[in-house]
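> Sequence:
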Amino acid sequence: RSITGCKRVLGLFRSSELLIRKWQQLWTCSDPDQWPGLTAMYLRRLAQARAELQPGGRLLVPLGVRIQRAQQMLMMIVERKASGNYRFLIVNSSRMGLNYHAADAGCPPKIRYRTALELEDVPAVRAEDEAFWMMLVVTAVQPSEKDPPLYDKLIPWLAGAPLEHVLATATPSTPATSEWRSSQCAETDSWRYMTFSLRVLLQEVAGFTTSKAKLFKWHLRRQMLSMAASDLNQVRSLSVSER
3 RSITGCKRVL GLFRSSELLI RKWQQLWTCS DPDQWPGLTA MYLRRLAQAR
53 AELQPGGRLL VPLGVRIQRA QQMLMMIVER KASGNYRFLI VNSSRMGLNY
103 HAADAGCPPK IRYRTALELE DVPAVRAEDE AFWMMLVVTA VQPSEKDPPL
153 YDKLIPWLAG APLEHVLATA TPSTPATSEW RSSQCAETDS WRYMTFSLRV
203 LLQEVAGFTT SKAKLFKWHL RRQMLSMAAS DLNQVRSLSV SER
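For our numbering, count along the sequence shown from 1 and bump the result up by 2.
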């Protein structure tokens, strides 16, 4: 069962790989003159991926938040339900934007957050609106002065209610969305937003418990360290001319 669940999670990342690559090109581009062309490329790929989404399927949509000179990547997990409505999870690992998520101060001095913000039963007429997706991507790339449009305007539009009302009335439907987590400390958003999303998917798709998802991540890090050590050993074995 665990292996089958892991394969399903792996399949989600593989099916979203091209979309993530397109987003990475847009997000890391430092020339504003290139943003329109890269944005159009990303939107075309995103529209294709959404058109291919079947009932019961999920799509990983990488996004970001920019406030003045600071920035943070995040993940939007879109699930198309059998009823025709949609379910959105906005997974954020950084304090930039987490102030819009539910928070808990029950374990001082830490403040923990529900890092996966859940929107249930979003009508298809809103979730499939092309203007919404265009504004979502364009405003994610453009730096804002204060409040990121994702949280200030676009999520409330999806939910059909102010964000404060969504947070006050929301009842988490899964252990992944009810879990309180600490935000990331280092500026490693390109890594952390992926591992936070991986943990959510392991719990929701593969049926892992929290402890099992943590163990999976530990093995992932161990494997990556082993691969890095192997690469370093290969470099040592090269002669000066081969280097």
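Please note that the accuracy of each hint is not assured.
Unchecked claim - Taking lysine-lysine pairs in the DSS-like style, the calculated list, with each CA pair at most 27 Å apart, reads:
#, residue 1, residue 2
1, 24, 214
2, 83, 155
3, 9, 219
4, 112, 9
5, 216, 9
6, 9, 155
7, 155, 24
8, 219, 148
9, 83, 112
10, 9, 24
11, 216, 112
12, 214, 112
Source of the hints: derived by calculation from the structure; they are not laboratory data.
> Keeping to a limit of 27 Å between CA atoms, is the pair of residue 9 and residue 155 held or broken?
36 Å, violated
> Residue 24 and residue 214 were given as a pair; does the straight-line alpha-carbon distance stay at or below 27 Å?
32 Å, violated
> Is residue 83 close enough to residue 112, meaning Cα to Cα at most 27 Å?
Since the Cα atoms of residue 83 and residue 112 sit roughly 36 Å apart, the hinted pair is violated (cutoff 27 Å).
> Hey, residue 9 versus residue 24, does the alpha-carbon distance stay inside 27 Å?
Holds - the C-alpha atoms of residue 24 and residue 9 are around 24 Å apart, at most 27 Å.
> Is it true that the CA of residue 9 sits at most 27 Å from the CA of residue 219?
15 Å, holds
> Mind checking the alpha carbons of residue 216 and residue 9 for me, to see if they're no more than 27 Å apart?
17 Å, holds
> Run the distance test for residue 83 versus residue 155: straight-line Cα separation, threshold 27 Å.
Distance of about 24 Å is within 27 Å: holds.
> Run the distance test for residue 216 versus residue 112: straight-line Cα separation, threshold 27 Å.
20 Å, holds
> What's the verdict on residue 112 and residue 9, does the C-alpha distance respect the 27 Å limit or exceed it?
Distance ~35 Å between residue 112 and residue 9 Cα, so the pair is violated.
> Starting from residue 219, check that the Cα of residue 148 is at most 27 Å away, please.
Outside the cut-off at roughly 34 Å; violated.
> Quick one, are residue 214 and residue 112 close enough, alpha carbons at most 27 Å?
23 Å, holds
> Quick one, are residue 155 and residue 24 close enough, alpha carbons at most 27 Å?
It holds: about 25 Å lies between the C-alpha atoms, which stays within 27 Å.
In summary, the numbered hints that this structure violates are 1, 4, 6, 8 and 9.
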